[in-house]
Amino acid sequence: MTNPRHNLRDVFPATGTEITAKSWLTEAPMRMLMNNLHPDVAENPHELVVYGGIGRAARTWEDFDRIVDSLKKLEEDETLLVQSGKPVGVFRTHPDAPRVLIANSNLVPHWANWDHFNELDKKGLAMYGQMTAGSWIYIGAQGIVQGTYETFVEAGRQHYEGNLKGKWILTGGLGGMGGAQPLAAVMAGACCLAVECDETRADFRIRTRYCDEKTHSLDEALEMIERWTKAGEAKSVALIANAADVFPELVRRMKAGEPMPNGRPDIVTDQTSAHDPVHGYLPKGWTVAEWRAKQESDPKGVTKAAKASMRDHVAAMVDFWNAGVPTLDYGNNIRQMALEEGLEDAFAFPGFVPAYIRPLFCRGVGPFRWAALSGDPEDIYKTDQKVKELIDDPHLHNWLDMARERIAFQGLPARICWVGLGLRHKLGLAFNEMVRNGELKAPIVIGRDHLDSGSVASPNRETEAMKDGSDAVSDWPLLNALLNTASGATWVSLHHGGGVGMGFSQHSGMVICCDGTEAADKRLARVLWNDPATGVMRHADAGYEIAIDCAREHQLNLPGILG
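For the sequence shown, our numbering gives the first residue as 1, with consecutive numbering after it.
If you're looking for bench data, these hints aren't it; they were derived computationally from the structure.
Just so you know, nobody snuck in bad clues.
Label pairs and their calculated CB-CB ranges:
| no. | residue 1 | residue 2 | range |
| --- | --- | --- | --- |
| 1 | W111 | L479 | 20 to 28 Å |
| 2 | N398 | G257 | 34 to 42 Å |
| 3 | E405 | G263 | 27 to 35 Å |
| 4 | G422 | D401 | 20 to 28 Å |
| 5 | G232 | L479 | 46 to 54 Å |
Below, in silico cross-link-like pairs of lysine-lysine (PhoX-like), each with a Cα-Cα straight-line distance of 20 Å or less:
| no. | residue 1 | residue 2 |
| --- | --- | --- |
| 6 | K294 | K307 |
| 7 | K122 | K294 |
| 8 | K386 | K426 |
| 9 | K304 | K284 |
| 10 | K304 | K294 |
| 11 | K441 | K22 |
| 12 | K214 | K235 |
| 13 | K294 | K123 |
| 14 | K22 | K72 |
| 15 | K441 | K386 |
| 16 | K426 | K522 |
| 17 | K235 | K165 |
| 18 | K22 | K73 |
| 19 | K165 | K230 |
| 20 | K300 | K284 |
| 21 | K300 | K122 |
| 22 | K382 | K426 |
| 23 | K441 | K382 |
| 24 | K73 | K86 |
| 25 | K122 | K86 |
| 26 | K426 | K388 |
| 27 | K284 | K307 |
| 28 | K72 | K86 |
| 29 | K123 | K300 |
| 30 | K284 | K294 |
| 31 | K86 | K123 |
Computed from a predicted structure; not experimentally measured.
Every residue, glycine too, gets a C-beta built ideally from N, C-alpha and C.
Taking the hints into account, I'd like the entire structure generated from these sequences.
This is the structure:
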């Protein structure tokens, strides 16, 4: 039987100014869908997998072709509906409505678990969209680099007087999200030892300049870290091994007083795809080939073995935390998996959002990103310069300089830049003017990660330990999606389970196209104000004074919150 999700063809987005759709507003989602499956972007493009275990861009290759065909035919007053990666309807709306509305892997709460989802998935009735995989705005590992960088910088500020020189970070996972960690650590001034079980992923990160070296030997990896930290260099190494073996071994050596750089890691985290115990985490003692085979033949056995290994992994992280090492969960739900395996103190160490990022969310600051549909890197460099002209922030300017120097584009040239309410709409309007006057060769699309201040409910990640206890309230991402739809985003998505797995999150995404028109000016002004404003609103409602002050500063009308 032919696998409808397997195809050996390579997909590349069109570049330049000639379009095959009827307008840039439909050409844009088509190019970004294809960009998600670009061989330099996606983890497993031939299976439609973009990142994060089984995060796909379309349900099947037939559905991919039908989406592309629908986008080419779509009129300026029509909207395409995509249900879990399948194009299910085209309806008459109006020119300011989204051209595409997407819903991925949403399940009624009682059935919102991996077992039920996997049954539907096997029948061809569902697709896991992760966050930006199924919403067609993944830009490769760069998409999470700045967020990881900001986290490491803030950890350095809190624990090491703002200086990570001579320090090293221990982590696991070099997949679509975790692959950003070595580069983010180096940009923050630290060394990084990243444990990865799949050598092809490490090779990919080295090829795209996200990681410096690789080794199969823990001792050799530690020797590299020792040499670099002593020299004050910031470099990274991928260790081909299983984190569930390496983390406990490093704890053992630390407790025994055996030689180790600085006597212990300076920061410990993890970004394995632990949210998906079947496809995202290699059990201890298994080969990658054995794991891949049993994902199909014995998924329950894989889950059992993987979660047992996660328990050991997290227990080691708890040991580091108890020894005084700054330790953080980076949002893959590994603590929850360990808790379910009986590790009672799995949540002893915090998640990265409450520990380091929430003050930014309170001001609507988050992972703002844009991509150049022309395919020309110069369009991104020109927008970088425009950001510097409009925003007087040395920290942000330094980020943009480092990004240009260190980050290799994957697929269509793109940039990530954490900015918030009051700035996003200014940048969007400026980019649109640059398209209009010909300074940019083709339109720009602006989007963001679903990991943003007002677009996600995820009690073990973005909304962990909310001040008012509203961690699990998922009205907020629903309202965010509705408001972005009403405001005129070019495409809007509403997903379940991204980042942390089935049953643990709901989140929404939006993308808007700067096509140079005056109509786009109006949409951009609405969308890029309203979208981050929902994050300020959500955190003000939870009682955060930073958010309340921000809402008042920007004169947000929040009648039930500000009175």
